[in-house]
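Let the sequences and hints guide you as you build the complete structure.
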Amino acid sequence: MLKLITNPIGVTALSRREIVRFLAVSIQTIFPPWISSVLFIYIFGVAIGRQIIFTIPGITYLQFIVPGLMAMHLISSSYENTAASLFIGRWHNNIQEVLLSPLSYLEMVLGLLAGGLARGALVCLGVFAASQFFMLQGIEHPFFLIYFIIMTSTIFSCAGMLAALWAEDFGMLNLWNVYIIFPMVILGGVFHPLSLLPLPLRILSHFNPIHYLVCGIRYSIVGYSDQNIWLCAGLAVTLAAILGFVTVYLFKIGYKLRT
Amino acid sequence: MRDSDNAIHISNLSKFYGKLQALNNISFTIKRGDFYGFLGPNGAGKTTTINIITGLSNYNAGSVKIFGHDVTRDYRDARRLIGLCTQEFNFDPFLSIAQLLVYQAGYFGIPKEEAKSRAATLLQRFQLLDKKDLKYRALSGGMKKRLLLCRALIHDPEILILDEPTSGCDLELKFLIWDHLAKLNKEGKTIFLTTHYMEEAEKLCKTIGIINHGRIVKMDSKENILQDKSLQDVFLEVTGIE
Chain A
1 MLKLITNPIG VTALSRREIV RFLAVSIQTI FPPWISSVLF IYIFGVAIGR QIIFTIPGIT
61 YLQFIVPGLM AMHLISSSYE NTAASLFIGR WHNNIQEVLL SPLSYLEMVL GLLAGGLARG
121 ALVCLGVFAA SQFFMLQGIE HPFFLIYFII MTSTIFSCAG MLAALWAEDF GMLNLWNVYI
181 IFPMVILGGV FHPLSLLPLP LRILSHFNPI HYLVCGIRYS IVGYSDQNIW LCAGLAVTLA
241 AILGFVTVYL FKIGYKLRT
Chain B
260 MRDSDNAIHI SNLSKFYGKL QALNNISFTI KRGDFYGFLG PNGAGKTTTI NIITGLSNYN
320 AGSVKIFGHD VTRDYRDARR LIGLCTQEFN FDPFLSIAQL LVYQAGYFGI PKEEAKSRAA
380 TLLQRFQLLD KKDLKYRALS GGMKKRLLLC RALIHDPEIL ILDEPTSGCD LELKFLIWDH
440 LAKLNKEGKT IFLTTHYMEE AEKLCKTIGI INHGRIVKMD SKENILQDKS LQDVFLEVTG
500 IE
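Just so you know, the sequences run in chain order A and B.
Following my numbering, the residues of the first sequence are numbered contiguously, the last one being 259.
Following my numbering, the residues of the second sequence are numbered contiguously, the last one being 501.
Hints were generated in silico from the structure; no laboratory data involved.
Fair warning: there could be bad hints in the mix.
Unchecked claim - Here are the simulated lysine-lysine pairs, PhoX-like style, with alpha carbons at most 25 Å apart:
hint, chain 1, residue 1, chain 2, residue 2
1, A, Lys3, B, Lys371
2, B, Lys465, B, Lys442
3, B, Lys278, A, Lys256
4, B, Lys391, B, Lys403
5, B, Lys433, B, Lys403
6, B, Lys403, A, Lys252
Claimed, not checked - Simulated coverage check for chain B against chain A, where a stretch passes if three residues somewhere in it have a Cβ under 8 Å from a Cβ of chain A:
hint, region
7, 315–325
8, 340–346
9, 368–374
As the list claims (entries may be wrong) - Simulated restraints on C-beta separations:
hint, chain 1, residue 1, chain 2, residue 2, range
10, A, Tyr179, B, Gly302, 36 to 42 Å
11, A, Ile5, B, Thr380, 53 to 59 Å
12, B, Glu461, A, Ala24, 45 to 51 Å
These numbers were taken from a predicted model, which means no experiment stands behind them.
Think of the CB as a built atom: it goes at the ideal place given N, C-alpha and C, for glycine as much as any other residue.
This is the structure in structure tokens:
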């Protein structure tokens, strides 16, 4: 990978720009998911969660949903960051600043991805920190957590870039998020274990890749997963590699970037 | 890095937009240190040519080399040598003017401290230093034009490509830009200029090429082109505009 990066200063500059951009509007990018998570944790985890007879031994419902919320916001923040940044770049045509530079196509994607990863990780870990007001929970498998944050963020940062390349207006940009990603996240086990679902939905959930990412983050935090953790890890790296490859390829051919 | 005295070498270049042929097998060479005026009516293929040279547009046939570097196969080395001053104000709306330049320099591999120093020098040279903390939207049209030039020059490119840099400028700004371009050319930069102003090309350029309907219809030194006619007369004659 290091040999593939011939312009490290360029990649750093682009990464820094992406991070500065979302931090400059943190009132829109960072605080809303933290606030909504605190509300979710309080209402579902604490108020309603106390009344739920939970069937997974050794963990409370609150402990169960916190990693789910972390995954949910990691996914949405990573996606939104790259989707908005690249689409606005296309819209204002200031993406040309990057396209005219001697960054390789891989380096361009890495620079944009760094913004998605930074925002996703900040939001995700912020949700975990906020949950400590309601429960004292350590991190069972910190290396798995780092791994799943990087993989999940890479997958959805690339998905955000693909959406930004495909979309022709802001409405199209939101289509993926509203009609595909959000339902898959909710059905992916953020709030429920698979065992609570009726059989058809339970079977369907096995084909939902987001379910495996949620399981990976849950295993990292509380040591419990509905799926084999190595299957989750393998699927995550495979998806990240495929989406990363497709994104770099589209930059290379200039799909909707060059006339 | 520079393995050729040909700053820009275009060979049999063709470009289609769907069924419309924007460039029809054009070939020309611009020597190092030249001040090249690229003229043509609207839609003749000027901006398409610029976009292909700078990598903003794909092409269907032919080749484009920048000091010997192919713009497709060897695009990183080719892009490092070019600074583009676009027609439109396509700046990142979230950044201040100084940040814009420092990040742009960064993409070209220039370390942050050096980038800051270069940005300050250019902003001083183009009388924008006191505006460095503003967003570009707060600038007047003339200031934005100057900022485009700063951005194109931040990585000290060998070739400066300008797409109608003085369109919409008042006389004072036009003279200021002309003065800067003449100085840059004197310093050794190769300049590729498109313009609709004949007096601009006549005053600044050493070589002139005229494109019409995607074909190069005239290209020669300014002296040879202007033997006993004005540039406007030559332009009208070769483009068939009445």
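Hint check results:
no., hint, result
1, A/Lys3 / B/Lys371, "holds, 22 Å"
2, B/Lys465 / B/Lys442, "holds, 14 Å"
3, B/Lys278 / A/Lys256, "holds, 18 Å"
4, B/Lys391 / B/Lys403, "holds, 12 Å"
5, B/Lys433 / B/Lys403, "holds, 13 Å"
6, B/Lys403 / A/Lys252, "violated, 30 Å"
7, 315–325, "holds (count 3)"
8, 340–346, "holds (count 3)"
9, 368–374, "holds (count 4)"
10, A/Tyr179 / B/Gly302: 36 to 42 Å, "holds, 40 Å"
11, A/Ile5 / B/Thr380: 53 to 59 Å, "violated, 29 Å"
12, B/Glu461 / A/Ala24: 45 to 51 Å, "holds, 46 Å"
Violated hints, in rising order: 6 and 11; the structure is consistent with all others.
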